[in-house]
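*Asks:* This is what each chain is made of:
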Amino acid sequence: MTPRFAPGVRLQHDQARDRWIVMAPERMFIPDEIALEVLRLIDGERDEIAIVETLAEKFAAPAPVIAADVRTMLDDLINRGAIVK
Amino acid sequence: MTPAAPLALLAELTHRCPLRCPYCSNPMALARAAAEMTTEEWARIFREAAALGCLQVHLSGGEPTARRDIVEITAAARTAGLYTNLITAGVLLDAGLVERLKAAGLDHVQLSVQDAQEGGAERIGGMKGAHARKAMAARLVRAAGLPLTLNAVVHRQNLQNLPELIALALEWNAARIEVAHVQYYGWALENRDALLPTREQLDTATAIVKAARAEHLGRLVIDYVVPDYHASRPKPCMGGWGQRFLAIAPGGEVLPCHAAQSITGMVFANARDQPLAAIWADDPAFQVFRGTGWMPAPCRGCEHAERDWGGCRCQAFALTGDAAATDPACALSPHHHLLAEALAEAGSESFLYREFSARR
Numbered sequence: 042m043t044p045r046f047a048p049g050v051r052l053q054h055d056q057a058r059d060r061w062i063v064m065a066p067e068r069m070f071i072p073d074e075i076a077l078e079v080l081r082l083i084d085g086e087r088d089e090i091a092i093v094e095t096l097a098e099k100f101a102a103p104a105p106v107i108a109a110d111v112r113t114m115l116d117d118l119i120n121r122g123a124i125v126k
Numbered sequence: 002m003t004p005a006a007p008l009a010l011l012a013e014l015t016h017r018c019p020l021r022c023p024y025c026s027n028p029m030a031l032a033r034a035a036a037e038m039t040t041e042e043w044a045r046i047f048r049e050a051a052a053l054g055c056l057q058v059h060l061s062g063g064e065p066t067a068r069r070d071i072v073e074i075t076a077a078a079r080t081a082g083l084y085t086n087l088i089t090a091g092v093l094l095d096a097g098l099v100e101r102l103k104a105a106g107l108d109h110v111q112l113s114v115q116d117a118q119e120g121g122a123e124r125i126g127g128m129k130g131a132h133a134r135k136a137m138a139a140r141l142v143r144a145a146g147l148p149l150t151l152n153a154v155v156h157r158q159n160l161q162n163l164p165e166l167i168a169l170a171l172e173w174n175a176a177r178i179e180v181a182h183v184q185y186y187g188w189a190l191e192n193r194d195a196l197l198p199t200r201e202q203l204d205t206a207t208a209i210v211k212a213a214r215a216e217h218l219g220r221l222v223i224d225y226v227v228p229d230y231h232a233s234r235p236k237p238c239m240g241g242w243g244q245r246f247l248a249i250a251p252g253g254e255v256l257p258c259h260a261a262q263s264i265t266g267m268v269f270a271n272a273r274d275q276p277l278a279a280i281w282a283d284d285p286a287f288q289v290f291r292g293t294g295w296m297p298a299p300c301r302g303c304e305h306a307e308r309d310w311g312g313c314r315c316q317a318f319a320l321t322g323d324a325a326a327t328d329p330a331c332a333l334s335p336h337h338h339l340l341a342e343a344l345a346e347a348g349s350e351s352f353l354y355r356e357f358s359a360r361r
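Just so you know, the protein sequences line up as chains A and B, in that order.
One point on numbering: in the working numbering, the residue at position 49 of the first sequence is 90, and numbering is uninterrupted.
One point on numbering: in the working numbering, the residue at position 186 of the second sequence is 187, and numbering is uninterrupted.
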């Protein structure tokens, strides 16, 4: 699947607090470092496999481990309405 | 000590509204059009709010689209860097206005609905023809590619239609529905006998929400705001007074909570003549209930003090006459019995509708 941000959802820099934040309709999520790495790769073009490959290379980690983490994170964001397939 | 910056601003652009909902969150004494701030004043406030650390602005009212400059106001909020959310009754929206709002950078629309069917919705909202216009507004918003949340305020006289309200959110292609039980200050407090749900209604509603969340997972997010008259712990109102949120009334009064003007005797600074950052940091109206230092027993030293912040100041004032009292929604409050008494008395059907000159 190719994840993309749901309408009205975007990753934004919070300048006052120097952190990244997911802005969503009447809500905001503060991503942890790992989630942020994934969110930054979501552009509506890259599919899940490409995201996993990019992160596996960047962190020199086995792809299956990264894949499981990415899957869990995407499922959570889909259930919260922040990401759509 | 400098308080942490606020996250969100509620901008009450006007108190004018074509609807007359008997639980309106506006104060009993409504601001007239002549008292409203200008486009330029709001634009400056948005820049100040963003610089202060606000991330999101809720453009609300009254009906925010009753202002002729709503597009300019939206653009000013977005230019300031704020995530812009329009909280609307939808009855004044047309295709041209929705397109102009979208072009101005609007991020999201929250559309209110008073009931699932026309008859009930229009009796509660007090406006003929409103329901069909809302259905049209939902279509226009989605056609423009804007995300939509349905805001369903629920109470004794429409809770039986909760499944249909959730179905309406799906039918109108909303990604989210907020099922919000009425909170009782101002107009809603005046209408409490007609609005308070029974315990059975509340439990049924909670079960329906739970089942619908599972059924529509990944398709519809359901937010649920519970009524605290049946609770034994108070809500952490506003995430703590003066901690995360500020509201600005049509005339520029800066409020720690949109209902704060219901606390008689409180004086609020005005964003027209003082910088927002100074008001947030130092204004006595923000300082008075910030943190835990103001708390009386049984809040003082309570293990829940930094979880619920003593509950709601407006509700404490409305029910006990003392804004510094523990919220009676807490079972530890000496006034907790007032809630059970109100529940026992409820059952009226008639409403006092919101008006600029309502007779009490």
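Keep in mind that the hints were calculated from the coordinates and are not lab data.
It cannot be assumed that every hint is accurate.
For each label pair, taking beta carbons as the anchor points, the in silico distance ranges come out as [claimed, not checked]:
no.	chain 1	residue 1	chain 2	residue 2	range
1	B	Val226	A	Ile71	40 to 46 Å
2	A	Asp84	B	Ala332	19 to 25 Å
3	A	Ala91	B	Met267	52 to 58 Å
4	B	Ala208	A	Met42	48 to 54 Å
5	A	Arg45	B	Ala104	19 to 25 Å
6	A	Arg45	B	Asp283	40 to 46 Å
7	A	Ala91	B	Glu42	47 to 53 Å
Pulled a few chain B residues facing chain A out of the computed Cβ check, cut under 10 Å [said to hold, decoys possible]:
no.	residue
8	Glu49
9	Leu141
10	Ala144
11	Leu147
12	Asp224
13	Val227
Listing some non-contacts, in silico: residues in chain B with all C-beta distances to chain A over 10 Å [stated by the list, open to error]:
no.	residue
14	Leu53
15	Glu119
16	Arg177
17	Glu179
For each residue, glycine too, the CB sits at the ideal point set by N, CA and C.
*Asks:* Give a verdict on every hint.
*Replies:* Each hint, compared with the structure:
no., hint, in the structure
1, B:Val226 <-> A:Ile71: 40 to 46 Å, "violated (22 Å)"
2, A:Asp84 <-> B:Ala332: 19 to 25 Å, "violated (51 Å)"
3, A:Ala91 <-> B:Met267: 52 to 58 Å, "holds (56 Å)"
4, B:Ala208 <-> A:Met42: 48 to 54 Å, "violated (33 Å)"
5, A:Arg45 <-> B:Ala104: 19 to 25 Å, "holds (22 Å)"
6, A:Arg45 <-> B:Asp283: 40 to 46 Å, "holds (44 Å)"
7, A:Ala91 <-> B:Glu42: 47 to 53 Å, "holds (48 Å)"
8, Glu49, "violated (12 Å)"
9, Leu141, "violated (14 Å)"
10, Ala144, "violated (12 Å)"
11, Leu147, "holds (7 Å)"
12, Asp224, "holds (8 Å)"
13, Val227, "violated (17 Å)"
14, Leu53, "violated (7 Å)"
15, Glu119, "holds (26 Å)"
16, Arg177, "violated (6 Å)"
17, Glu179, "violated (8 Å)"
In this structure, the earlier hints numbered 1, 2, 4, 8, 9, 10, 13, 14, 16, 17 are contradicted, and the remaining ones agree with it.
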